[in-house]
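For this one, chain A is given, so just place chain B with the ligand on it according to the hints.
Each protein sequence line maps, in turn, to chains A and B.
In this text, residue positions in the first sequence follow our numbering: the first is 1, and each later residue adds one.
In this text, residue positions in the second sequence follow our numbering: the first is 341, and each later residue adds one.
Don't read these hints as lab results, they were simulated from the structure.
This one's a predicted model, so the numbers in the text were calculated from it and none came from an experiment.
Idealized CB from N, CA, C, for every residue including glycine.
Be aware that a few hints might be false.
Stated by the list, open to error - Label-pair distances were calculated between CB atoms; the ranges are:
id, chain 1, residue 1, chain 2, residue 2, range
1, A, E24, B, Q1100, 55 to 65 Å
2, B, N984, A, G298, 36 to 46 Å
3, A, E23, B, Q1100, 51 to 61 Å
4, B, K349, A, T278, 19 to 29 Å
What the hints assert, rightly or not - Below are the DSSO-like pairs computed for lysine-lysine, each with C-alpha atoms no more than 27 Å apart in a straight line:
id, chain 1, residue 1, chain 2, residue 2
5, A, K148, B, K696
6, A, K182, B, K758
7, B, K553, B, K717
8, A, K112, B, K346
9, B, K961, B, K915
10, B, K971, B, K930
11, A, K31, A, K48
12, B, K926, A, K195
13, A, K112, B, K832
14, A, K104, B, K926
15, B, K840, A, K103
16, A, K103, B, K945
17, B, K971, A, K103
As the list claims (entries may be wrong) - Chain A stretches covered by chain B per the calculated footprint, using a threshold of three residues with CB under 8 Å from any CB of chain B:
id, stretch
18, 14-20
19, 54-66
20, 81-90
21, 114-126
22, 212-224
23, 288-300
24, 328-337
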Amino acid sequence: MRQQLEEIKEKTKKVLEENFNSEELNDLKVKILGKKGELTTILKEMGKVSAEERPVIGQLANQVRDELQQVFAEKQQEIKNKELENKLKEETIDVTLPGREMKKGSIHPITKTIMEAEDIFIGLGFEIAEGPEIETDFYNFEALNLPKDHPARDMQDSFYITPEVLLRTHTSPVQIRSMIEKKSEIPLKIICPGKVYRRDDDATHSPMFHQIEGLVIDKNIRMSDLKGVLLTFAREMFGTEQKIRLRPSFFPFTEPSAEVDISCVMCGGKGCRVCKQTGWLEILGSGMVHPNVLRYGGYDPEEVSAFAFGMGVERIAMLKYGINDLRLFYENDVRFLSQF
Amino acid sequence: MNLSYKWLKEYVDFDLTPETLAEKLTSSGIAVEGITNLSEELSDIVIGEVISCEQHPNADKLSLCKVSDGQGEYPVVCGAINVAKGQKIVFAKIGATLPGDFTIKAAKLRGVDSEGMICSAKELGISSEWLLPEQRDGILVLDTDAPIGSDAIAYLDLDDYVMELDLTPDRGDCLSLINVARQVAAITGSRVRFPDIAFNEVITESDKGIDIKIEAPEDCPRYVGKIVENIQVGPSPFWVQNKLRNAGIRPISNVVDVTNYVLLELGQPLHAFDYEQLQGQQIIVRRSKKGETIVTLDEQERTLDDTMLLICDAARPVAIAGVMGAENSEVTEKTQTVLIESAYFNPVSVRKTSTKLGLRSEASARFEKGINYEQTKVAAQRAAQLLSEISSAIPHESETDVYPNPIERARVSLRFTKVNQLLGTSLTNEEIKDILKSLQLEMVEDNGDSVIFQIPAFRPDLRIEEDLIEEVASIFGLENIPVTLPYGDTHKGARNTEQKIRTRIFEVLKAAGANEIITYSFINRNHLDKILLPENDLRRNVVEVLNPLSEEQGVMRTTLIPGILDNALRNHNRKSENLLTFEVGKVYYKNGFPEKTELPEEEMKLSVFGRGRMAGDWKNKAEEIDFYYIKGMIDALFSSLKINDIEYVPANDSGEYHPGRCAKILLGGTFIGYIGELNPKVADNYSLSGRNYMAELHLDTIITSCEEKISYRYLPKYPGMNRDLAILIDDQIRAGQIVETIEKTGGELLRNVEVFDLYQGAQIPEGKKSIAFSLQFQAEDRTLTDDEVSIIIEKIKQVLEETFAAKLRD
Ligand SMILES: [Zn+2]
Chain A
1 MRQQLEEIKE KTKKVLEENF NSEELNDLKV KILGKKGELT TILKEMGKVS
51 AEERPVIGQL ANQVRDELQQ VFAEKQQEIK NKELENKLKE ETIDVTLPGR
101 EMKKGSIHPI TKTIMEAEDI FIGLGFEIAE GPEIETDFYN FEALNLPKDH
151 PARDMQDSFY ITPEVLLRTH TSPVQIRSMI EKKSEIPLKI ICPGKVYRRD
201 DDATHSPMFH QIEGLVIDKN IRMSDLKGVL LTFAREMFGT EQKIRLRPSF
251 FPFTEPSAEV DISCVMCGGK GCRVCKQTGW LEILGSGMVH PNVLRYGGYD
301 PEEVSAFAFG MGVERIAMLK YGINDLRLFY ENDVRFLSQF
Chain B
341 MNLSYKWLKE YVDFDLTPET LAEKLTSSGI AVEGITNLSE ELSDIVIGEV
391 ISCEQHPNAD KLSLCKVSDG QGEYPVVCGA INVAKGQKIV FAKIGATLPG
441 DFTIKAAKLR GVDSEGMICS AKELGISSEW LLPEQRDGIL VLDTDAPIGS
491 DAIAYLDLDD YVMELDLTPD RGDCLSLINV ARQVAAITGS RVRFPDIAFN
541 EVITESDKGI DIKIEAPEDC PRYVGKIVEN IQVGPSPFWV QNKLRNAGIR
591 PISNVVDVTN YVLLELGQPL HAFDYEQLQG QQIIVRRSKK GETIVTLDEQ
641 ERTLDDTMLL ICDAARPVAI AGVMGAENSE VTEKTQTVLI ESAYFNPVSV
691 RKTSTKLGLR SEASARFEKG INYEQTKVAA QRAAQLLSEI SSAIPHESET
741 DVYPNPIERA RVSLRFTKVN QLLGTSLTNE EIKDILKSLQ LEMVEDNGDS
791 VIFQIPAFRP DLRIEEDLIE EVASIFGLEN IPVTLPYGDT HKGARNTEQK
841 IRTRIFEVLK AAGANEIITY SFINRNHLDK ILLPENDLRR NVVEVLNPLS
891 EEQGVMRTTL IPGILDNALR NHNRKSENLL TFEVGKVYYK NGFPEKTELP
941 EEEMKLSVFG RGRMAGDWKN KAEEIDFYYI KGMIDALFSS LKINDIEYVP
991 ANDSGEYHPG RCAKILLGGT FIGYIGELNP KVADNYSLSG RNYMAELHLD
1041 TIITSCEEKI SYRYLPKYPG MNRDLAILID DQIRAGQIVE TIEKTGGELL
1091 RNVEVFDLYQ GAQIPEGKKS IAFSLQFQAE DRTLTDDEVS IIIEKIKQVL
1141 EETFAAKLRD
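Next comes chain A alone, as it looks inside the complex:
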């Protein structure tokens, strides 16, 4: 009987070296270890073994059964792994095929630039003010210290609706309207984004374009504050390395006035074609609000001071996105728009 047990163990191990699928393995397992299996059949002969040998044989029988069960389990695992492997192999897909097409819309680069600038100024405590695009001469010019005979009116050739009403040439009239609405309350911190119109149409001028102007009125507003706010804006818009440079200039509505340059976004200030080798790019006009303008807005220039600034959105967008042709903004070619 001992020999029988040894034989069945060796035989089964040998058989298992061959290839099976899991079904065949199961059949074999039943044939050997099942209730009517070979091992059970042998064990039924246990009664014939002498009482002295019985414990020894019994122990051996258990040992053989455990060993075979172990071998079957291992084989089972092996087959399972192999089968899974084959299954995964069969399921291979072409991962280089393009992904499913998603709907992709876009926000116009002008709107996008305005929104980004708005977010920056909101972070600095500004509110957003809006006003009519068709304006009176008073709000567009006169209240901005540009009386009828002022030579600086030549700087802005305007579209007129009547001799007293025109398409606004800048968003500054919104500042006046906001001041009057605020009834000399302080602080007043607003930016005014929007469309503006000038009678110019060529490669570098569009008869309609966009501006963002800003105004801060409070007690003790200083030109140094203007520098701080604009530096913050430049850095958030164009990068933390940005520097700004102020050059004296002239605007009828500010005194002192300054043009503001940022370090060239193309070359970082080393000098290139875009910045005409100067390392600087002019992006906005600014200054301390002229006392006449404050008075028109209902504020006392002896009580408060203010700074204002204004920039062309197209210019900012062109610099930010590397757009080289102004006309692209109003052609609205979807191949252009889809890039934003």
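Only chain B with the ligand this time, still in chain A's reference frame:
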């Protein structure tokens, strides 16, 4: 204006390269746009004399010259016809370089040695624009006193840098060398040198006199006339020509050149009359009469109105004051005596006149910005002096100066604290005073905390305290002002509700796959016809632009449709057939303007447009854009704005839409816009083939009725129940009607009804459609039973049968 670096040095000493000077001027408020080095490509060019000139032995058109440079003599073959013995010329020796990377080498020309070149002006890089007519062809012949052997580049003032100034309107003073020199002096701490005015010879007695009468002293506060006799009109010497040329003014003749010289030097425009042509020895300054005419120097007859200022003699107008002289008294070759006019005209008057006449000149550009009213007489004297220096002219000893009401210099007070308060600086009182004094402002009162400055006549732009603060800032340097942020009450910045909603609309439409476009606010009026607006449509009530650039931009839009259609066509022409676009922008209505309202009405609108297909891919077929696609977008928009009370009502009253495929959109019963297919006739007018869909909504109404806050609805505690219902129904009955009926009948347990299938075709009788709904039931307080839902379903079925003769399908 073009500023000559070399000429500037005659009025102020400074030790700055052109580049550094440009930087300093720019940072002090006089912007230098560019610098041109006139001698960049020139070297080793000297003044030579032609000592002999003979016919070239082997060539008819060439001359064989001997040129002396004072040290040696060189054979030179020259092709110019104007070369002649005895001429002083510009000689480029062997090794000299000329513009265009051109180096002179020894050469043999038709068998004869040539060791250098006699230069023409063009070869020196001088454009013929700046030359006298006789200098434009052939070699450049120099003045007879030109020193042989010396540097021709210096002689021709080509050793100069031309600085292009981009002056702001308030700094008209720097349209003159003397005032730029003053600015330089302030920057560098140096002093200005005013030209010495002295005469070798003057006429003390003459029968030639002038009587000057100012009849319009408001427009002409001061008028000086100076007579110069014994004139011989001819070319100016090179030193005068050179300076004008470098400043960008063409030399003409000694008399004209001198007036321009003083214009550039002192900023005082002058006019020279041929004295003999002036009738009655008289100058009368008066307003013109309406319709009066004058032929100006440019041979144009000008018709004047009664606001313009004229300079007249006893009989007729001889100049438009400050703008241009008349042909009738022009200086000619025959002129022997001139009257030099130096005047101060009212800036506004000159500006108005030159604008009305469309006539701008170097003179008017200066007058209209306000010139130095104290320099009037000196300028006339300076011109007389220069004329006598460069020609045989002899000036009268005295001049007539009519100045009935001398202008007082302005006084401006300044508080030191205000300077630092406005700039954010901490300048001392002394520093502030020093800066202003360096600009030649005279301190006339010192009150400790504040001072009063008298403003010199050459700075009419300085009028108020802030003007002085600006000067302090400019000279101190804006780069030296610290960088701070506003302090004090801070409040939180934010978009207002309306702006937030608008931002959300952009996001939703972008997510829906649409591209935002921005089109012009003005359109061609013919668009209103092209989109078939009825005659009485409110959108025909357009605001017109008085002075449009073209008819294309003739009126302000009352609808966004034309812009979006034009754009569709442009994209179609560029082979972008599939389009989904939107625009948010204003439209403008005339309404009561200008009779009843101050301004036209403005309204924010939203347009959406689609044609072709949405993006498809290798797996899923591209989805076609149709009415329901656009409707889906609009619905998504409303749903994201938490707007529920929307109704679509079939409409056929708007010309731009397909009459069978258009709906009015009502929000809480209020009309907010149309949605539909573009009327094929309109599509045709825009050459848009295929089907096009669009919607245009009144954004303002939507925004006011939209809830910004999202209020969360609790998820149901008990399970709900879904039932489907399919019916066969007459084709004419709209889904909206059926849904409405189901909703009404279903009661409050019916939470939602959705159309999930629509079928027509095989197995469906003609004129019928099969439509299926998914109904969702839900109770707040219990689990619904099959039975109670079945009862409701039965009731709905019954009502549908009764109302629409609907037949149930399984
Ligand atoms: Zn650059």
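These are the hints, each one checked on the structure:
The hinted window of 55 to 65 Å between A/E24 and B/Q1100 holds, with their beta carbons roughly 57 Å apart. Judged by the Cβ atoms, the range 36 to 46 Å given for B/N984 and A/G298 holds: they are separated by roughly 43 Å. Separation of A/E23 from B/Q1100 is about 53 Å and conforms to the stated range, judged on CB atoms against 51 to 61 Å. For B/K349 and A/T278, the hinted distance range of 19 to 29 Å is satisfied, since their beta carbons lie about 25 Å from each other.
Straight-line distance between C-alpha atoms of A/K148 and B/K696 comes to about 14 Å, which keeps the hinted pair within the 27 Å bound. At roughly 25 Å between alpha-carbon atoms, A/K182 and B/K758 fall within 27 Å of each other, so this suggested pair holds. A C-alpha spacing of about 16 Å is found between B/K553 and B/K717, which places the hinted pair at or below 27 Å, so the restraint holds. A distance of roughly 50 Å separates the Cα atoms of A/K112 and B/K346; the hinted pair therefore is violated under the 27 Å criterion.
Restraint check for B/K961 and B/K915: satisfied, since their Cα atoms lie roughly 20 Å apart, inside the 27 Å limit. Proximity of B/K971 to B/K930 is assessed by CA-CA distance (about 31 Å); at most 27 Å being required, the pair is judged violated. This hinted pair checks out: A/K31 and A/K48 have alpha carbons roughly 23 Å apart, not beyond 27 Å. This hinted pair checks out: B/K926 and A/K195 have alpha carbons roughly 10 Å apart, not beyond 27 Å.
For the hint linking A/K112 to B/K832, the alpha-carbon distance of about 22 Å falls within 27 Å, and the restraint holds. Between A/K104 and B/K926 the alpha-carbon distance is near 25 Å, which keeps this suggested pair within the 27 Å criterion. Annotation: proposed proximity of B/K840 to A/K103 holds, straight-line Cα distance about 24 Å (limit 27 Å). About 24 Å separates the Cα atoms of A/K103 and B/K945, which keeps this hinted pair within 27 Å; it holds.
Distance check on the hinted pair: B/K971 and A/K103 sit about 16 Å apart at the alpha-carbon level, within 27 Å; holds. Closer than 8 Å: that is the beta-carbon criterion, and the stretch 14-20 of chain A has 0 residues meeting it against chain B, so the requirement of 3 is violated. Residue count for the stretch 54-66 of chain A with a Cβ under 8 Å from a Cβ of chain B: 0. That is fewer than the three needed, and the coverage hint is violated. With 0 residues carrying a beta carbon less than 8 Å from a beta carbon of chain B, the stretch 81-90 of chain A misses the three-residue requirement, and the given coverage is violated.
Here the stretch 114-126 of chain A counts 8 residues with a CB under 8 Å from a CB of chain B, which clears the bar of 3, and the coverage holds. Requiring three or more residues with a Cβ within less than 8 Å of a Cβ of chain B, the coverage given for the stretch 212-224 of chain A holds, as 8 such residues are present. As drawn, the stretch 288-300 of chain A meets chain B at 3 residues by the rule of a beta-carbon pair under 8 Å; at three or more, the given contact holds. Counting residues of the stretch 328-337 of chain A whose CB lies closer than 8 Å to any CB of chain B gives 8, which reaches the minimum of 3, so the coverage claim holds.
In this structure, the hints that do not hold are numbers 8, 10, 18, 19, 20, in rising order.
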